[in-house]
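Trainee: Chain order of the listed sequences is A and B.
If you read the first sequence in my numbering, its first letter stands for residue 1, the second for the next number, and so on.
If you read the second sequence in my numbering, its first letter stands for residue 1, the second for the next number, and so on.
Be aware that one or more of the hints could be misleading.
[To be verified] Subject to a maximum C-alpha distance of 30 angstroms in a straight line, what follows is the list of computed DSBU-like cross-link-like pairs (lysine-lysine):
1. B:230 / A:230
2. A:149 / B:52
3. B:43 / A:43
4. B:275 / A:24
5. A:230 / B:100
6. A:275 / B:101
7. B:75 / A:230
8. B:275 / A:286
9. B:100 / A:286
10. B:204 / B:275
11. B:24 / A:204
12. B:75 / B:24
13. B:230 / A:75
14. B:43 / A:24
15. B:230 / A:101
16. B:52 / A:24
The hints are simulated quantities; they were obtained by calculation from the structure and are not laboratory data.
Residues per chain, in single letters:
Number of protein chains: 2
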Amino acid sequence: MLFLVGLGLSSHEDITVRGLNAVKRCARVYLEHYTSILMTASKEELEGFYGKPVVLADREMVESGCEEILRDADKEDVAFLVVGDPFGATTHTDLVLRAKKQGIVVEVVHNASVMNAVGSCGLQLYNFGQTISMVFFTDSWRPDSWYDKVLENRRIGLHTLVLLDIKVKEQSPENLARGRLIFEPPRYMSISQCCEQLLEVEEKRGQQAYTPDTPCVAISRLGAPTQHMKSGSIHELAEYDAGEPLHSLVILGRQCHELELEYLLEFSEDQERFKDQVHRDQEFFKPAPWVPPPEDED
Amino acid sequence: MLFLVGLGLSSHEDITVRGLNAVKRCARVYLEHYTSILMTASKEELEGFYGKPVVLADREMVESGCEEILRDADKEDVAFLVVGDPFGATTHTDLVLRAKKQGIVVEVVHNASVMNAVGSCGLQLYNFGQTISMVFFTDSWRPDSWYDKVLENRRIGLHTLVLLDIKVKEQSPENLARGRLIFEPPRYMSISQCCEQLLEVEEKRGQQAYTPDTPCVAISRLGAPTQHMKSGSIHELAEYDAGEPLHSLVILGRQCHELELEYLLEFSEDQERFKDQVHRDQEFFKPAPWVPPPEDED
């Protein structure tokens, strides 16, 4: 059997009791290690907690056929551990399809991920639109297709969760070209870089999907003991040092009600200014007021 | 300290190790018991597992001031357990605000909820729009404000998660009027009733937010050992007996890629028909094709 086990957000104890029991009975344990990281647990801590070795699975191992992972999974139990919930990334859907085609029974153990735990900023999850990913811009690659999605979300009043790029086990273009297996140190996008890229693309596209004054919430180390939130405008957060990774950002939509705003104010430096930013931003994309149809005078 | 602990979706073992450790050190334990239910664990099972009594907290206890729950929480540890993740419902944001105002430290232990575990149907969570709730229609109350939200989501190609009504500890209008504390048996909306209500409102509103042929996924007992998914059109699912609760429904948007469709086909009775329904439905709200601007002939 193949167990897909979500590890939750931060520590080794964020696994569920059911997930831990599954891992303990498995012959082999893999940890997906390229779409996210467990913030406060090392491979060694996990191995001590589970009482068995954990193999780090990089993108190549998972995306190139999964053969190693699925080997003998029809005869013995294998665990594939994923930070957050197992269905956070497309790749793992592919792993399930491959397993099923080989007649391997798959059991999923869910857990919290940024996609639902983001609710702890106080904004109702009901009012989030599509999620976007912000990648590190390079000199030659500054993709902005996410801009249209933010615009679509904000037109109908919805918040946008922005997932910030992480680079784990990446090769430099030179090392890649020369086939040298030398890897760059891991990089995690900061809140300020994300906000600078947002401002750059708004400047270029100019459709006012948002403005420098649009209110956001910066969410740092979600689910970890050092979790920290900060409310502010994009312009303000472009100057903000959020500390250690991981970070995410929420760009507010119009649908922010009083109780939600009250919650967000706790995270702002200047409550009056933030409240004012929210109220002014709510004027964007506001539906036209309802006007009664002319009375029929016949 | 007040611990807000998510219990996950189904069994007593879906709590995280960190959550269980927190519950074990608490002087009092409350279980929120009106926005959802834990599908395969009774109050008694939880009490046996935690080794202490669990108090069921109904809507009245939670929404009318939370005094009982927060009593002495500045001096001793109190746990408030929530099925799914603690930030699934507005009410609990209110509880956190009240606790903080009283100087009580709050710690949140996240867990899976339908809002992220719905990814196990194979559709990318990135492409979900706002979530809607479908309530039981009565003779005099057939609210349809959710219709506009489905329309907004589908216009930009997004899926809609539909949460189905549950009624726990409700009084009949007569018992309520007479002040008799007699409660109706719990009721959980079925997939077929939800689909009938969808069809009724489309008939009434007529803006083609969706059609009877729009493809959906019915998700039953998500996260439980008897979890079951079924892909089909709204019309087909209006006839479908999905068995025991809890149920949710996903109304597909246009953004369904080949790998996702392949996954959904596993849950359909007639794969060719479902594939055809998806492809025909994708024609709705399709953006106009890109036409190159006329060449400048000067």
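Trainee: A separate judgement is required for each hint: does it hold in the structure or not?
Mentor: To see whether the hints hold, each was checked on the structure:
no.	hint	in the structure
1	B:230 / A:230	41 angstroms, violated
2	A:149 / B:52	48 angstroms, violated
3	B:43 / A:43	36 angstroms, violated
4	B:275 / A:24	40 angstroms, violated
5	A:230 / B:100	17 angstroms, holds
6	A:275 / B:101	19 angstroms, holds
7	B:75 / A:230	29 angstroms, holds
8	B:275 / A:286	38 angstroms, violated
9	B:100 / A:286	33 angstroms, violated
10	B:204 / B:275	28 angstroms, holds
11	B:24 / A:204	55 angstroms, violated
12	B:75 / B:24	16 angstroms, holds
13	B:230 / A:75	29 angstroms, holds
14	B:43 / A:24	27 angstroms, holds
15	B:230 / A:101	19 angstroms, holds
16	B:52 / A:24	27 angstroms, holds
Comparing the model with each numbered hint stated earlier shows that hints 1, 2, 3, 4, 8, 9, 11 do not hold.
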